[in-house]
Amino acid sequence: DTGVSQNPRHKITKRGQNVTFRCDPISEHNRLYWYRQTLGQGPEFLTYFQNEAQLEKSRLLSDRFSAERPKGSFSTLEIQRTEQGDSAMYLCASSSTAAWVFEQYFGPGTRLTVT
Amino acid sequence: AQRVTQPEKLLSVFKGAPVELKCNYSYSGSPELFWYVQYSRQRLQLLLRHISRESIKGFTADLNKGETSFHLKKPFAQEEDSAMYYCALDSGGSNYKLTFGKGTLLTVNP
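Those sequence lines, one after another, are chains E and U.
Position 31, counted from 1, in the first sequence is what my numbering calls 35; the numbers after and before it change by one each time, with no gaps.
Position 28, counted from 1, in the second sequence is what my numbering calls 93; the numbers after and before it change by one each time, with no gaps.
Hint data in this document are derived by calculation from the structure and do not stem from the laboratory.
Heads up, some of the hints might be wrong.
Unchecked claim - Only pairs whose alpha carbons sit at most 25 Å apart, straight line, appear in this in silico SDA-like list of lysine to any residue:
id	chain 1	residue 1	chain 2	residue 2
1	U	74	E	91
2	U	87	U	73
3	E	61	U	68
4	E	15	U	149
5	U	138	E	107
6	U	138	E	44
7	E	15	U	110
What the hints assert, rightly or not - Ranges of calculated distance between the beta carbons of each label pair, as one might list FRET restraints:
id	chain 1	residue 1	chain 2	residue 2	range
8	E	117	U	91	30 to 36 Å
9	E	64	U	121	26 to 32 Å
10	E	58	U	70	27 to 33 Å
11	E	11	U	119	30 to 36 Å
12	E	21	U	145	40 to 46 Å
13	U	175	E	85	48 to 54 Å
Unchecked claim - Output of the computed footprint for chain E on chain U, the stretches with three or more beta carbons under 8 Å from beta carbons of chain E:
id	stretch
14	102-116
15	162-168
Glycine residues also receive a C-beta, built at the ideal position from the N, C-alpha and C atoms.
Isolated chain U (complex conformation) (with noise of 0.2 Å):
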């Protein structure tokens, strides 16, 4: 069975400083991973998805197969980016059902 693994709940870094949120899953295929964020008092929303091997917000995600590792980075952080980060897996390509890891709170302190 597939799972995805945030080992970090909270993370707390000062603006300007280097972000690194780890996700790691476990899943026998090849997977999909996503990155999901939720603001305060907003909806969960699509940060990046591996495939499309984007940057958005500054964000970067790579997939490493052989660490079964999708770490979500950020070279300077802003206090815009404090939210509630999820990292999530769909198995195979499947395009039905995701699944989420716990989730990371990041504060970026001013």
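Chain E with its partners taken away, still in its complex shape (with noise of 0.2 Å):
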């Protein structure tokens, strides 16, 4: 197991496109959370799930934002007609409810640039 994987590493939009990033936790972990990353700021969440379930959603994430995560396994993040402040890193994390310690595994990002 590699960790975390996200795909495309790196992806360039003009405005109004739609984008779909997606997310391959850790195989044994059951929570998986989306992550928005702007210059110089921290990671700030947008959502996350325990298996399948979409558990919350920050306010950040606006309605052209949507999140899935069908069979508890990969997970994908949709941004529909994407405006220029859309752009920054997506990172994905994952966890196990499982383990006695809590911590997030942390995938590369996805970094987003519209254009």
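Take each chain as given, in its own frame, and dock them per the hints.
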């Protein structure tokens, strides 16, 4: 297991286009999180899943954003009608509720540039 | 609402000098605090958590509830400690979302 993976690593899109990112968590992890990180800021929580259920969404997640985890394994984050303000690094993390200590393992991120 | 403040964006020290990265938080409950580190071209990774009271790579951090602080300390900095450090809070042990500070870029000069 190579850890959390994210694809693509970089995405350049034009304003108004839709984009979709994928996250593959560590295989035995039942929790999956999405964060967004802009320049000079720490990661900001967007949403999280436990198995296939989306349990919380941040107010940062506008109606143009949607996330899914259909089989409780990989997850996708879709942004519709992208805006320049969506340009950021999108981070995925996973964790296990079975672990006796809490730790989120992060992926390398997908860097989105909206032109 | 919870908040994590890291007052220094940049911190530069010489090799062998002590280093302290500051972190203050605001949260009304009993938080769990963490330090995450991101080395150049690597992903974000956990450095240490307050509940474990551990020392990792010579770093320690003590939770001071009176001062609402969780400063990261190392007595003798090494060049390989150069990285971005983020303090993070998990509100009340709910084990789901982390609130991060803006980070401090530590540079250890030879």
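Against the structure, the hints:
no.	hint	verdict
1	74(U) with 91(E)	22 Å, holds
2	87(U) with 73(U)	7 Å, holds
3	61(E) with 68(U)	18 Å, holds
4	15(E) with 149(U)	24 Å, holds
5	138(U) with 107(E)	21 Å, holds
6	138(U) with 44(E)	23 Å, holds
7	15(E) with 110(U)	23 Å, holds
8	117(E) with 91(U): 30 to 36 Å	33 Å, holds
9	64(E) with 121(U): 26 to 32 Å	31 Å, holds
10	58(E) with 70(U): 27 to 33 Å	30 Å, holds
11	11(E) with 119(U): 30 to 36 Å	34 Å, holds
12	21(E) with 145(U): 40 to 46 Å	41 Å, holds
13	175(U) with 85(E): 48 to 54 Å	49 Å, holds
14	102-116	holds (count 6)
15	162-168	holds (count 7)
Going through the hint list in order, the structure satisfies each hint without exception.
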